[in-house]
Amino acid sequence: MAQQMGNQPLIVLSEESQRTSGRDAQSMNITAGKAVAEAVRTTLGPKGMDKMLVDNTGNVVVTNDGVTILDEMDIEHPAANMIVEVAQTQEDEVGDGTTTAVVIGGELLAKAEDLLDQEIHATILAQGYRQAAEQAKEILEDMAIEVSADDSEILEQIAATAMTGKGAENSKELLSELVVDAVQAVADEDDIDTDNVKVEKVVGGSVDESELIEGVIIDKERVHDNMPYHVEDANVALLDTAIEVQETEIDAEVNVTDPDQLQQFLDQEEEQLQEMVDQLVDVGADVVFCQKGIDDMAQHYLAQEGILAVRRAKKSDMKRLARATGGRIVSNLDDVTDEDLGFAGSVAEKDIGGDQRVFVEDVEEAKSVTLVLRGGTEHVVDEVERAIEDSLGVVRVTLEDGQVLPGGGAPETELALQLRDYADSVGGREQLAVEAFADAIDVIPRTLAENAGLDPIDSLVDLRSKHSGGDTTAGLDAYTGDVVDMEGDGVVEPLRVKTQAVESATEAAVMILRIDDVIAAGDLKGGGSDDDDEGGDMPGGPGGGMGGMGGMGGMGGMGGAM
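Heads up, the sequence shown stops at 1945 in the numbering used here, and the numbers go up one at a time, no gaps.
Mixed in with the good hints, there may be bad ones.
[Stated by the list, open to error] What follows is a list of derived Cβ distance ranges for each label pair: (1) Asp1738 x Ser1699: 14 to 24 Å; (2) Val1445 x Lys1702: 28 to 38 Å; (3) Asp1576 x His1504: 37 to 47 Å; (4) Gly1588 x Gly1873: 20 to 30 Å.
Just so you know, the hints here were simulated from the structure itself, not pulled from any lab data.
Remember, predicted model here, so these are calculated numbers, not experimental data.
By construction, the Cβ of each residue, glycine as well, lies at the ideal position given by its N, Cα and C atoms.
Let the hints inform the model, and build the full structure from the sequences given.
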């Protein structure tokens, strides 16, 4: 970046810096965004394929979940990362639709590139895209179907739709039932926090053996072997203080002249511990969960009293126990009263998948529940867990919003049709951007058809003709290849999955399009580890690839895992 001043060039940027500006910068960023969308595109829909991701320590993840793929890929290119953020926003907000959001984002960039080549300015494109997104939101809201919170059948269909195409698909009926029961159990009026549904993974058995425990499972064992394995009708004490003798803050030196004195010290310690245990016995505690340590001697006294105790329980587990049993977490043993105790019909240590865990069950109004997921191998259980988390998210969102849309590409086909009509009413060059937006949205039904091995053009033509005839819920059945009524088939997903996907994809695409200058301190590596030959400098000429994203192969040192 040199400016002529008299005869002397004035250097403003440091030598290592690289600058790509104008059309080159746009082209490079668009290529990066499209490459990210390509990476997850084949996973879309019920017939989507999976990706195997191997990190540099050799850990393997096999998944169909858009956001997991993009996180594991370890992408470094700054523009590509903006598209990855779309997936992360989608995951945080609704839990499902991450692939949809990324694919729409990539397609918006691809369509914009054609218009930029026709000398349409990026600002006009951005303006048109924003207008189209606003209109799209209204169209989607008009299409929405109302759902009541106690309609378990529709909620189960929503949960099942979120699972199709993932590893959990074969048992989706059982799992979607468990998910709906779990969310309904933890719902406090309108406040639904799916963190209160704990997912415990157990390798062994089959996915069909998964179950919902109305209560909490603590991944710990009893602290002492003489404690009972099972306590019925238990009063549960929850402590976040240690059952140990407090160490003094000040270092003090005590000269012991007589062995009896030492014995006195030890006796006194034991007495203090006995007193602590007595306090718990006096208030009627049968089970003690302690967030901190329990002294060996105290364990012995607790066992003598027939109290089942667990130490070093996680803070999150303590909160769940408090919610499930109705107990209060006590910080000072001297203050414990019988009102602080929670109640559980059964507290038992059981073997599950070869591990001992403590089950707290039979609680009134379980506001905290545990889903036990089984599966033949670790990879299967991990993928089922990801599917379950997506499902929990969509059921939560449906209960909060009470509105759903048909699936199978139906809302996208309708959007594309209505946006083309809307484009006619938009004046100026923005009209072209709105039309491009409508074409971009078509990518979803097209990709659904491609991934199912169908002819995308035939499928799109069928879909459009049905929608033109006023059949707004017509979508593509990926299993048969027919265009059918999605609402009737029970393929539905929350309205917010679609509106959020369109909004965040548009925001990211607009942000990338508005960048006309990339100034990088040092090399702009696209990905891959530092010793990766495929990394490289930022391309000079237009369309020079992605600044060494290693031809997608070297992404995050993943080798040929794509």
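Going through the hints against the structure:
Distance hint check: the CB atoms of Asp1738 and Ser1699 are about 18 Å apart, consistent with the given range 14 to 24 Å. Range check, Val1445 to Lys1702: about 32 Å between beta-carbon atoms, so the 28 to 38 Å window is met. The given range of 37 to 47 Å is respected by Asp1576 and His1504, whose C-beta atoms sit roughly 46 Å from each other. Between Gly1588 and Gly1873, the C-beta spacing of about 28 Å keeps the proposed range 20 to 30 Å intact.
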